[in-house]
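Residue numbers (the numbering used here), protein chains in the order written: chain A, 1 to 93; chain B, 1001 to 1116; chain C, 2001 to 2139.
Hints listed in this document are in silico derivations from the structure and should not be mistaken for laboratory results. The beta carbon of each residue, even a glycine, is placed where N, CA and C say it ideally should be. It is possible that part of the hints are untrue.
Not the full set, but computed from the structure, chain A residues with beta-carbon under 8 Å of chain B [said to hold, decoys possible]:
| # | residue |
| --- | --- |
| 1 | 17 |
| 2 | 18 |
| 3 | 91 |
Cβ pair distances, simulated, as ranges [what the hints assert, rightly or not]:
| # | chain 1 | residue 1 | chain 2 | residue 2 | range |
| --- | --- | --- | --- | --- | --- |
| 4 | A | 68 | C | 2081 | 37 to 45 Å |
| 5 | A | 67 | C | 2062 | 27 to 35 Å |
| 6 | C | 2059 | B | 1090 | 36 to 44 Å |
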Amino acid sequence: MTAFHTLHILNKTPDHPRFSECLGTLGTDDALILTENGVLALATEINLKTSRIYALTPDVEARGMAGTTRNSILVDYPEMVDLTLQAQRVISW
Amino acid sequence: METLVIIDQPPYGSWTGREALDMAFALAAFDQTASLLFSGAGVNWLRNRQITDAIGQKSVEKNLSAAPVFGISAILADASACRRYGLGPQDLPDGVVLTEMDAKLLARYSHTVFAG
Amino acid sequence: MTNPATPKTFTLVITGAPYSSQAPQSALHFARAALEQGHSIDRVFLYGDGVHLASSLATPPSDETNWSQVWAEFLEHHGIPGVACIASALRRGLVDEKEQARYELASENLRSPFTIAGLGEWVEGQTRSFRTLYFHAGD
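Using the sequences and the accompanying hints, generate a full structural model.
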């Protein structure tokens, strides 16, 4: 896996104000992981501003989104743990 | 190692901002460098003349004015959020620095935290 | 780039309450995965509404998971300190025996092994850990 600067953990729906705040601060070397309600963004056409988009499989499946994952990479919890360690910093939105 | 504590919720309607301020004060009390950033609707913390007696809460203006005394390194406010809520530079308390909340800003801090 | 195989220490901060948010569940799944990979958890800090996780009185219907109980068992089993912020806890009616006596309250309701302490515990956790992760409410 490639190195990246900041891992943004986003658990809010696109209708939450913090969703836009998060996207507004994504740097070119940053990665985004969608968890909990955040995975619902994959059902929309919102520009997620980065090519490194991960989505947490249990939350994707729980919300009936398994067939709607766009260009995201599905990860489980152990992979999420790895991602938090590969980043130089982590921000939980 | 510097922590940025972000307050993005307005005062009085929830306790999250107060609890964020407490986090920043705690960092400073334990000799960690901490700054505050008001973003989104959180910039409404910065208004003058908040008269809160009738809602039974203490004004957050006083809490915030204690920040430099507690050793908070900087108090920042997102310029575009201030514009959205009609807050001009002259409306902000002394010492508040207007900035843009973007990747470049957050990259300056080793930790960026919200209280909730 | 950090080699994920090297054991690292995490501090987890939970600010979302059980039954109002998914935060305690997400944090628990993350914590289990971290330990299974050989990492360690320095402490779990409950802040804001997250302190409700430390209640010994929460009684969900029998077909729902009791997240307070499951978390307490997890902490106990792995010897991980679980600390509720004292200011958050007292505001929200979460008290241990000491605070019950101090404020002459009718009862205490802190579930063992959770303890109550100040924000200094969070600062120390952040200072000592390679990563401090936050689990907020999603609404």
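Let me make sure I understand: some of the numbered hints might not hold for this structure. Which ones are they, in numerical order? Violated hint (a single one): 6; every other hint is consistent with the structure.
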